[in-house]
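Trainee: Sequence:
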Amino acid sequence: MTRKILLLLIVVLAMTLRVYQMNHNPPSLSWDEVSIGYNAYSIVKTGKDEHGRFLPLDAFVAYGDYKPPFAIYATAPFVALLGLNELSVRLPSALFGTLTVLLTYFLVQELFWVYMKKAKRDKFSLLVCWIPLFAAALLAISPWHINISRAGFEANIALFFVVLGTYLVLRAQRNSRYWLIAWVPYVVTIYTFNSSRYFAPIFALALCIFFWKNIRTHWKPFAIGIIISAVLLVPITPHLLSKEARLRFAEVNIFTDPSVVTTANERIAREQNSLIAKIVNNRRVGYARSYFIHFFDNLEPNFLFVTGDGNPKFSIRDVGQLYMFEAPFLAIGLFAMFLSFPQTAALLLCWLVAAIIPAATARETPHALRILNSLPTWQIFVAFGILCSLEYLKKKYTQKISLHNVFIIFLMALYGLGITYYLHNYYRHYPKEFSSEWQYGYREALANVAKIQGDYNSIVIGDSIGRPYMYTLFYTKTDPQEFWKTKEDSFDAAGFYHVYGFGKYRFPSSLPSSLEPRTLYVWDAGTAPKGARILNTIRRLDDSPVLDIFDKGAGKI
Numbered sequence: 001m002t003r004k005i006l007l008l009l010i011v012v013l014a015m016t017l018r019v020y021q022m023n024h025n026p027p028s029l030s031w032d033e034v035s036i037g038y039n040a041y042s043i044v045k046t047g048k049d050e051h052g053r054f055l056p057l058d059a060f061v062a063y064g065d066y067k068p069p070f071a072i073y074a075t076a077p078f079v080a081l082l083g084l085n086e087l088s089v090r091l092p093s094a095l096f097g098t099l100t101v102l103l104t105y106f107l108v109q110e111l112f113w114v115y116m117k118k119a120k121r122d123k124f125s126l127l128v129c130w131i132p133l134f135a136a137a138l139l140a141i142s143p144w145h146i147n148i149s150r151a152g153f154e155a156n157i158a159l160f161f162v163v164l165g166t167y168l169v170l171r172a173q174r175n176s177r178y179w180l181i182a183w184v185p186y187v188v189t190i191y192t193f194n195s196s197r198y199f200a201p202i203f204a205l206a207l208c209i210f211f212w213k214n215i216r217t218h219w220k221p222f223a224i225g226i227i228i229s230a231v232l233l234v235p236i237t238p239h240l241l242s243k244e245a246r247l248r249f250a251e252v253n254i255f256t257d258p259s260v261v262t263t264a265n266e267r268i269a270r271e272q273n274s275l276i277a278k279i280v281n282n283r284r285v286g287y288a289r290s291y292f293i294h295f296f297d298n299l300e301p302n303f304l305f306v307t308g309d310g311n312p313k314f315s316i317r318d319v320g321q322l323y324m325f326e327a328p329f330l331a332i333g334l335f336a337m338f339l340s341f342p343q344t345a346a347l348l349l350c351w352l353v354a355a356i357i358p359a360a361t362a363r364e365t366p367h368a369l370r371i372l373n374s375l376p377t378w379q380i381f382v383a384f385g386i387l388c389s390l391e392y393l394k395k396k397y398t399q400k401i402s403l404h405n406v407f408i409i410f411l412m413a414l415y416g417l418g419i420t421y422y423l424h425n426y427y428r429h430y431p432k433e434f435s436s437e438w439q440y441g442y443r444e445a446l447a448n449v450a451k452i453q454g455d456y457n458s459i460v461i462g463d464s465i466g467r468p469y470m471y472t473l474f475y476t477k478t479d480p481q482e483f484w485k486t487k488e489d490s491f492d493a494a495g496f497y498h499v500y501g502f503g504k505y506r507f508p509s510s511l512p513s514s515l516e517p518r519t520l521y522v523w524d525a526g527t528a529p530k531g532a533r534i535l536n537t538i539r540r541l542d543d544s545p546v547l548d549i550f551d552k553g554a555g556k557i
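The sequence shown begins at 1 in UniProt numbering and counts up one residue at a time.
Quick caveat, the hints were computed from the structure, so don't treat them as lab data. Keep in mind the model is a prediction, meaning the values are calculated, not measured. Any given hint might turn out to be false.
[Claimed, not checked] In the DSS-like style, the derived pairs of lysine-lysine whose C-alpha atoms are separated by at most 25 Å in a straight line are: (1) Lys487 x Lys451; (2) Lys220 x Lys243; (3) Lys45 x Lys477; (4) Lys451 x Lys48; (5) Lys48 x Lys395; (6) Lys487 x Lys48; (7) Lys45 x Lys504.
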């Protein structure tokens, strides 16, 4: 009963940390969030996406980035219930994040199930019984997981299904019927996040190797489960093999970096095309070197424990992806688990590595979002390290009970200070320091425009913040059918989608040389031409100006 109450408290804490003021912090919706939200709104209103495609299952074209569909469909019920706003877009991620914390408890139970059965006979197994609670608690207060759960990131939803799928595979070791559905969550991840399309098959293969004996014994339910998963993949398979999907991969991966080939050719030429030069400076060697550099970037201590991801959307830049004081417990947990439970440790390590393998192909590393699938392995190792440290102190200093208690108090103080420092900076400083990173300004500008738009025939909005058409659709709640009737759009040579206008709104790439009468302009602060009447200036949360709202001038409207 005590553990059930503690688990409930952990889940409540996780939910609170993920939903409190989430409609205000992060300080604005990103362009991906407004795209997810408006496409969900369009599905609710018409059954079609923003491009007029009926219930797409392969991908949502969106900006030409072909978003995986699951997050949009998961958002649609919240938009229908709560309306089109920040809360309805972000709440699905927060809920899935909270459920991931809960599911982590049951996942870890399955990881150590055999040993837990011996708890009454073995004190060490009794210790193992507490690992599920510790791991769930550490994920609940993880800066990494909190940051991602508070915004509408598809990766966070995918992580829930990764944990669910792994739990079902482990459950299948005790009940073979679970093989029928064990792979379905991995299929869902493929419909949810781009990186998961590479992670899911890699990790699924690793799981098959780990549990091959069980699969051979229960091959029938396993085979049926594979067939079910294959059928579920049919709608998305044509897209996965399409040129659009290949373009998306080519856009971000290191293997299209021409500098590697240029460097290789220069070095070979410098050595007069010698055989050894062709071997050592082969471009394939260069790409392999680049890959391993990017792989280990994601394990860099500064990234993990000090500053976190360089992208402020994934980190507050003042706390690591893990708490700094968790580093020694991570090392202890990894070492001790390999000594005590080598198969469990190997499985978790394979999970972690499988999450980094596809992320290492990207040019931007380290990347907290692309390796999010490595959670909650970090927390499980840390939890094991903490509990092993406690057990060691109890055994080593049997006559000094106070030392064990002091360690517990010290540990509680560390986590108390860590979470307080993180939350203080997250709520007090992060919004002001990084509002520009969240495309802050369009919401505030459009709220001002809404009050006076009736006085103007046309409204011109600049694209310096990015994707002004989508922010306009989102915050004006434009009916999708009205948008389809009046839009002016095209795809560029790279396949990206651009909207130049709809209704009375226009989105030019540059400010017109002369201002038109009865036209309202929303443009970069400080760029209004001489003589223009500035009606308002939108400021970021650090008080720096971002947008001016102006027209031709008094008496010239």
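Trainee: Taking the hints in turn, state whether each one holds.
Mentor: Checked hints:
{"no.": "1", "hint": "Lys487 x Lys451", "in the structure": "23 Å, holds"}
{"no.": "2", "hint": "Lys220 x Lys243", "in the structure": "36 Å, violated"}
{"no.": "3", "hint": "Lys45 x Lys477", "in the structure": "11 Å, holds"}
{"no.": "4", "hint": "Lys451 x Lys48", "in the structure": "30 Å, violated"}
{"no.": "5", "hint": "Lys48 x Lys395", "in the structure": "64 Å, violated"}
{"no.": "6", "hint": "Lys487 x Lys48", "in the structure": "16 Å, holds"}
{"no.": "7", "hint": "Lys45 x Lys504", "in the structure": "22 Å, holds"}
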